[in-house]
Amino acid sequence: MGDALVALVTGAAGGVGGAAARRLAADGHRVAVNDIAQEGRLRELAEEIGGVPVPGDIADPEATAAIVAEANKTLGPVQVLVANAADMAMSPFLEADPARWWRQVEVNLSGHFRLIQAVIGGMRALGHGRIIVIASGWGVIGHPNATAYAASKSGLIALTKGLGRELGPDGILANAIAPAFIDTEQLLVDAADAGISLEEMRQRYRDLIPVGQLAMTDDIAAAISFLASPGASGFVGQVLQPTGGVTRTRA
Amino acid sequence: MTDVPVAVITGAASGIGAACARLLRAAGWRTAGLDLNDSDTDLPVRLDVTDVGRVRAAVDAAADRFGRLDLMVTAAGYYEEGIDVAEISRAQWDRMLAVILGGTVNAFQAALPHLLRRGTGGLIAISSELALAGSATDLHYVAAKGAVLGLVKSLALEVAGTGIRVNAVAPGPTDTPLLAPESLWREPGYLATLPLRRLVTPEEVARTVYYLATEGVMYCGEVLSPNAGAVI
Numbered sequence: 001m002g003d004a005l006v007a008l009v010t011g012a013a014g015g016v017g018g019a020a021a022r023r024l025a026a027d028g029h030r031v032a033v034n035d036i037a038q039e040g041r042l043r044e045l046a047e048e049i050g051g052v053p054v055p056g057d058i059a060d061p062e063a064t065a066a067i068v069a070e071a072n073k074t075l076g077p078v079q080v081l082v083a084n085a086a087d088m089a090m091s092p093f094l095e096a097d098p099a100r101w102w103r104q105v106e107v108n109l110s111g112h113f114r115l116i117q118a119v120i121g122g123m124r125a126l127g128h129g130r131i132i133v134i135a136s137g138w139g140v141i142g143h144p145n146a147t148a149y150a151a152s153k154s155g156l157i158a159l160t161k162g163l164g165r166e167l168g169p170d171g172i173l174a175n176a177i178a179p180a181f182i183d184t185e186q187l188l189v190d191a192a193d194a195g196i197s198l199e200e201m202r203q204r205y206r207d208l209i210p211v212g213q214l215a216m217t218d219d220i221a222a223a224i225s226f227l228a229s230p231g232a233s234g235f236v237g238q239v240l241q242p243t244g245g246v247t248r249t250r251a
Numbered sequence: 001m002t003d004v005p006v007a008v009i010t011g012a013a014s015g016i017g018a019a020c021a022r023l024l025r026a027a028g029w030r031t032a033g034l035d036l037n038d039s040d041t042d043l044p045v046r047l048d049v050t051d052v053g054r055v056r057a058a059v060d061a062a063a064d065r066f067g068r069l070d071l072m073v074t075a076a077g078y079y080e081e082g083i084d085v086a087e088i089s090r091a092q093w094d095r096m097l098a099v100i101l102g103g104t105v106n107a108f109q110a111a112l113p114h115l116l117r118r119g120t121g122g123l124i125a126i127s128s129e130l131a132l133a134g135s136a137t138d139l140h141y142v143a144a145k146g147a148v149l150g151l152v153k154s155l156a157l158e159v160a161g162t163g164i165r166v167n168a169v170a171p172g173p174t175d176t177p178l179l180a181p182e183s184l185w186r187e188p189g190y191l192a193t194l195p196l197r198r199l200v201t202p203e204e205v206a207r208t209v210y211y212l213a214t215e216g217v218m219y220c221g222e223v224l225s226p227n228a229g230a231v232i
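Protein chains in written order, with this note's numbering: chain H, 1 to 251; chain G, 1 to 232.
Hints were generated in silico from the structure; no laboratory data involved.
Accuracy of the hints is not assured; some may be wrong.
Said to hold, decoys possible - Just so you have them, the derived chain G footprint on chain H, three or more residues with Cβ under 8 angstroms:
| hint | segment |
| --- | --- |
| 1 | 185 to 198 |
| 2 | 206 to 215 |
| 3 | 230 to 237 |
For each residue, glycine too, the CB sits at the ideal point set by N, CA and C.
Kindly generate the complete structure, drawing on both the sequences and the hints.
Take a look at the structure:
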């Protein structure tokens, strides 16, 4: 295990973000946790892991600056950014409400663009940093009725690759993780939309995954832990795909 | 049945294979090293990975000696550069494919029955970022490393339902004895083009292998590439 680092995790009230914050804390890092709402849950998470809650809407340019400033003030300069917060709204392309379409791009892509801008100064001053972008398998292979989400996540992948090239020489390593089906609360939404039970939803997804199992949030947190670790110092501009084979096999 | 995990590593006597063996041993694993030379492992076996009978016997011996098998890492290989495609002889082509592709096939076929018996475990091939990007004047090496990726992706799907995971690590130019002192990949002019401005270390490759082996249950036929930014 390497030195204790200061990490900032967005979307930490959700499944993947919460698991990431817990894992990074267990790895010995000091963690600032961000989410837009559910402040009670965010505060509880922060207390559980001995971290700091930094709530705010990352789509709001003023909020992003405040989030980073608060993390820097309480824990020190952010050395690991886990860009995880995401908005998703399924809709056929021609029926998409423009406001809902653009909100996904604003949160997922533009919000993290500004957040990354806000942390780079501190990372440059330290001469090292890790930017870990949570993209999506849909950003790799696309998905019907998810054009905004897929576009925003594809944008994040391209952003990661560009940042890898641009910031690598400064010792700041940008990489992405593109998961597919994860066992999170989103499955409850998907099950309700499909009019089936949660367990039926899980099985429907398992049937689409070559390895026949859903990713657990801890699997994604493990990938984040790895990319934050000294052992991943040769990775830059890469996209890890712990999808169980989904992104190479789905028609 | 023992609680101590067991790995067989081909090419364990030097470079990336040796780094994998060192890291796994430090993490408490038992290791067997298959190499032309003696390796610093719990069970060093001197052999040529193109000898299917000897590879099978060595893997069986390791599983027998240590009571189980969890992981096969295929790092055995060699490199030849600076050869124009028209100059690559039939013998050079055949030997490269026999060692890099054939050696991987031999090792995977020897290990798979042991993994299938337990219904868990990993096969990890060391490929190369050159197989992702292509490269001039080492075409036989690149073709062999690319063929390994096809093998990995297909075998991963073939055994996906069994709990066994097959993946590849495709490192960037790595600072090992395979790269001659005068290698193109050591030239300052080349290194300056890499975002990280340096070669990858064998330890960085070993760390990637270890992550895949211990926490990589959702990787199925994937290619992880610690490459200093050589291929993005």
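Here is what the structure says about each hint:
Three residues within the 8 angstroms Cβ limit are the bar, and the segment 185 to 198 of chain H against chain G gives 0, so the coverage statement is violated. Interface restraint, the segment 206 to 215 of chain H with chain G: holds (5 residues with C-beta to C-beta distance below 8 angstroms; minimum three). Figure legend: the segment 230 to 237 of chain H, annotated as covered by chain G; annotation consistent (8 residues with Cβ-Cβ distances under 8 angstroms, at least 3 required).
The earlier numbered hint that this structure contradicts is number 1, and it is the only one.
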